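The chain contents come next:
Protein chains: 2
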Amino acid sequence: MSKIFNFCAGPAMLPTAVMEKAQAEFCNWQGLGVSVMEVSHRSPEYIAMAAEAEQDLRDLLAIPENYKVLFCHGGGRGQFAAVPLNLLGDKLEADYLLTGQWSKSAVVEAKKHARITETDIMTTTIDGKVTVKPTTEWPINAGAAYLHYCPNETIEGIEIFDLPETGVVPLVADMSSTILSRPIDVSKFGIIYAGAQKNIGPSGLSIVIVREDLIGYARKAIPSIFDYEVQAKADSMFNTPPTYAWYLAGLVFKWLKEQGGLVAVEKNNIAKAALLYNFIDGSNFYSNNVDNSVRSRMNIPFNLADDSLNDTFLSEAKAAGLLTLKGHKLVGGMRASIYNAMPIEGVQALVEFMNSFEKKHA
Amino acid sequence: MSKIFNFCAGPAMLPTAVMEKAQAEFCNWQGLGVSVMEVSHRSPEYIAMAAEAEQDLRDLLAIPENYKVLFCHGGGRGQFAAVPLNLLGDKLEADYLLTGQWSKSAVVEAKKHARITETDIMTTTIDGKVTVKPTTEWPINAGAAYLHYCPNETIEGIEIFDLPETGVVPLVADMSSTILSRPIDVSKFGIIYAGAQKNIGPSGLSIVIVREDLIGYARKAIPSIFDYEVQAKADSMFNTPPTYAWYLAGLVFKWLKEQGGLVAVEKNNIAKAALLYNFIDGSNFYSNNVDNSVRSRMNIPFNLADDSLNDTFLSEAKAAGLLTLKGHKLVGGMRASIYNAMPIEGVQALVEFMNSFEKKHA
Numbered sequence: 001m002s003k004i005f006n007f008c009a010g011p012a013m014l015p016t017a018v019m020e021k022a023q024a025e026f027c028n029w030q031g032l033g034v035s036v037m038e039v040s041h042r043s044p045e046y047i048a049m050a051a052e053a054e055q056d057l058r059d060l061l062a063i064p065e066n067y068k069v070l071f072c073h074g075g076g077r078g079q080f081a082a083v084p085l086n087l088l089g090d091k092l093e094a095d096y097l098l099t100g101q102w103s104k105s106a107v108v109e110a111k112k113h114a115r116i117t118e119t120d121i122m123t124t125t126i127d128g129k130v131t132v133k134p135t136t137e138w139p140i141n142a143g144a145a146y147l148h149y150c151p152n153e154t155i156e157g158i159e160i161f162d163l164p165e166t167g168v169v170p171l172v173a174d175m176s177s178t179i180l181s182r183p184i185d186v187s188k189f190g191i192i193y194a195g196a197q198k199n200i201g202p203s204g205l206s207i208v209i210v211r212e213d214l215i216g217y218a219r220k221a222i223p224s225i226f227d228y229e230v231q232a233k234a235d236s237m238f239n240t241p242p243t244y245a246w247y248l249a250g251l252v253f254k255w256l257k258e259q260g261g262l263v264a265v266e267k268n269n270i271a272k273a274a275l276l277y278n279f280i281d282g283s284n285f286y287s288n289n290v291d292n293s294v295r296s297r298m299n300i301p302f303n304l305a306d307d308s309l310n311d312t313f314l315s316e317a318k319a320a321g322l323l324t325l326k327g328h329k330l331v332g333g334m335r336a337s338i339y340n341a342m343p344i345e346g347v348q349a350l351v352e353f354m355n356s357f358e359k360k361h362a
Numbered sequence: 001m002s003k004i005f006n007f008c009a010g011p012a013m014l015p016t017a018v019m020e021k022a023q024a025e026f027c028n029w030q031g032l033g034v035s036v037m038e039v040s041h042r043s044p045e046y047i048a049m050a051a052e053a054e055q056d057l058r059d060l061l062a063i064p065e066n067y068k069v070l071f072c073h074g075g076g077r078g079q080f081a082a083v084p085l086n087l088l089g090d091k092l093e094a095d096y097l098l099t100g101q102w103s104k105s106a107v108v109e110a111k112k113h114a115r116i117t118e119t120d121i122m123t124t125t126i127d128g129k130v131t132v133k134p135t136t137e138w139p140i141n142a143g144a145a146y147l148h149y150c151p152n153e154t155i156e157g158i159e160i161f162d163l164p165e166t167g168v169v170p171l172v173a174d175m176s177s178t179i180l181s182r183p184i185d186v187s188k189f190g191i192i193y194a195g196a197q198k199n200i201g202p203s204g205l206s207i208v209i210v211r212e213d214l215i216g217y218a219r220k221a222i223p224s225i226f227d228y229e230v231q232a233k234a235d236s237m238f239n240t241p242p243t244y245a246w247y248l249a250g251l252v253f254k255w256l257k258e259q260g261g262l263v264a265v266e267k268n269n270i271a272k273a274a275l276l277y278n279f280i281d282g283s284n285f286y287s288n289n290v291d292n293s294v295r296s297r298m299n300i301p302f303n304l305a306d307d308s309l310n311d312t313f314l315s316e317a318k319a320a321g322l323l324t325l326k327g328h329k330l331v332g333g334m335r336a337s338i339y340n341a342m343p344i345e346g347v348q349a350l351v352e353f354m355n356s357f358e359k360k361h362a
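Here the protein sequences come in this chain order: A and B.
Quick note: the first sequence uses the UniProt record's numbering, first residue 1, plus one each step.
Quick note: the second sequence uses the UniProt record's numbering, first residue 1, plus one each step.
These are computed hints drawn from the structure, not numbers from a lab.
Source: prediction; values computed, not measured.
Hints are not guaranteed to be accurate.
[Stated by the list, open to error] Covered by chain B, per the in silico footprint, the following chain A stretches (three or more residues, Cβ under 8 angstroms): (1) 22-31; (2) 76-89; (3) 125-133; (4) 195-205; (5) 224-236.
By construction, the Cβ of each residue, glycine as well, lies at the ideal position given by its N, Cα and C atoms.
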């Protein structure tokens with residue numbers, strides 16, 4: 001079998017160097033004779049590692065000092081509930097922008113707690129491509145407790161690169177599938193949250209970056225493990241955190257620094273995405289229906305000209321070591337998720353395979 | 001350095017055989033060329049593994065068919081919130097029994113949602129030992145939505161082996177630190193829940209065993225990831241579960257079966273606990289203040305006759321490869337947590353060390 005490249009949308013591949021280091025020290029971490037997953041989260045060794053992981057994340061994203069970083073249980077969907085329960089306070093309404101399945105799922109959860117104004121900001125270009133309205137046309141409602149959006153929709157392959165000006169309304173972003181893929185101006189956000197299982201580490205961990213002045217307004221009914229104030233005071237250790245996931249996230253942050261930080265990572269991500277999009281655009285056999293301006297660099301959905309070839313495509317791809325290319329069931333077709341950990345060689349291998357598949361079957 | 005034995009209360013040591021297997025297949029699970037933490041939770045391979053883990057747990061605990069088994073995010077403290085949010089329905093009150101720090105912490109969370117009647121069931125024997133009132137004296141309030149208790153308190157070292165008759169009132173148990181250490185009659189319980197990081201796997205996972213007729217009454221404000229109905233319908237995959245922790249739990253379940261199941265495991269746990277308690281009771285230098293009838297087999301706190309020797313004890317123990325014996329800060333002294341994964345050789349090594357320490361310093 002050739003080298004394996006795993007295009008899973010999440011849980012996604014992790015950097016090979018990270019996995020090899022984790023494997024080597026799996027049963028003997030820091031020479032303690034035990035695994036990092038077997039030590040107390042209150043031990044000096046674990047606390048030092050956890051703090052270093054946070055600092056590395058702060059360095060990577062240039063997180064301002066007036067933001068807390070929390071390492072939480074519950075994944076991204078846990079934060080779908082935690083955000084309204086923390087931010088609504090005595091307000092009754094919040095605004096959600098819709099760009100795909102993930103932003104829609106966040107709305108469902110928020111509606112349990114507030115009156116939600118949903119605004120579909122999707123539109124189509126004159127060429128019939130899917131796009132997103134410019135940020136200047138986004139509705140800003142001063143009465144809303146916050147404005148929520150999802151800058152990268154994994155299923156539709158839509159990514160929003162512009163940042164809106166929301167004034168006093170805190171901007172909340174579900175960055176599960178785009179965090180750490182490029183520099184961002186954290187100071188523009190009230191809250192950034194992300195499930196770990198794309199660009200951070202294994203599933204079961206979520207990271208929350210929250211502006212300090214937004215902490216302290218949680219509704220009474222909030223489970224304490226989701227209360228930003230409780231977890232901020234406890235350095236994310238109000239309860240035992242997902243210690244192994246936190247450790248792996250720390251290894252990923254170190255690896256990102258070794259790559260040259262997010263400027264270098266973005267450059268690589270742009271090159272990877274361009275390679276695949278350019279190939280698709282130059283082909284009459286493959287297609288992607290998203291406008292250039294909002295094409296995701298992380299998740300690239302595409303269709304074959306003949307859907308009846310889908311199964312053949314997937315089985316031949318798997319035989320070539322190219323795994324998990326099936327598109328989400330809601331949209332069908334194919335999808336290549338190419339997060340930070342995917343090397344450009346993986347995208348090259350995919351393009352070569354797609355090219356030869358086209359020649360064989362078109 | 002001699003062989004390492006890790007007495008951490010949690011995250012605790014995992015079986016050596018499990019850790020070695022996990023390390024060996026860390027980067028290449030089932031020959032897929034990728035880690036189990038890098039595959040989709042929707043993949044056939046992962047779903048098969050997850051189902052097998054559940055079945056193994058069902059076999060080990062003889063879980064009746066009218067109980068659902070859920071693999072959840074959020075740890076034990078997550079369930080402190082999930083239990084009232086799922087079970088209260090339109091009832092307003094629930095009863096909690098107090099036996100130590102963990103049952104008290106559960107009450108704090110439940111009070112956010114219901115009127116809680118707390119009953120301290122601790123008492124002392126004529127010898128001045130700490131004990132628990134017999135189950136026949138526990139208050140059963142037919143108006144309560146449920147009765148909650150914690151059968152093993154890790155900090156105080158108290159374990160309750162008897163089962164109360166609660167009639168129509170569902171009995172809810174936080175079994176985080178005793179689950180899988182002995183057979184239990186699941187049919188006596190409405191809900192059993194457990195954070196994983198003692199006898200199941202790494203932190204970040206909790207397991208919920210819930211009688212089906214109790215599902216479907218969640219309060220509207222519940223985060224969906226904690227809603228038993230939502231997770232039961234989705235086979236615990238409403239959101240991406242903590243996939244790696246689930247996998248490791250599955251390996252632990254297989255290992256428990258290989259040990260001969262819970263009858264054999266209990267026998268071993270009885271022998272391990274007896275070895276340490278008998279040594280302590282035969283010494284004038286060490287003491288444990290819990291009555292025989294409720295002494296924990298999992299967490300054995302003890303004190304030295306001279307507290308000023310505590311630091312010396314801990315440093316000499318560490319040098320001898322006996323880790324994490326410091327007692328919880330709330331009670332001081334020492335604590336040896338000897339969950340399923342601790343081999344009897346570890347307890348023997350501890351007793352030998354304690355014996356020589358006594359001879360040297362008494």
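Coverage of the stretch 76-89 of chain A by chain B (three or more Cβ within 8 angstroms): holds (count 7)
8 angstroms C-beta test of the stretch 195-205 of chain A against chain B, three or more residues: holds (count 6)
Stated coverage of the stretch 22-31 of chain A by chain B [criterion: 3+ residues, CB within 8 angstroms]: Holds, because 4 residues of the stretch 22-31 of chain A bring their Cβ atoms closer than 8 angstroms to Cβ atoms of chain B.
Residues of the stretch 125-133 of chain A with Cβ under 8 angstroms from chain B, three needed, outcome: violated (count 0)
Chain B covers the stretch 224-236 of chain A, three or more CB atoms within 8 angstroms, holds or violated: holds (count 3)
Consistency note: the structure conflicts with earlier hint 3 alone.
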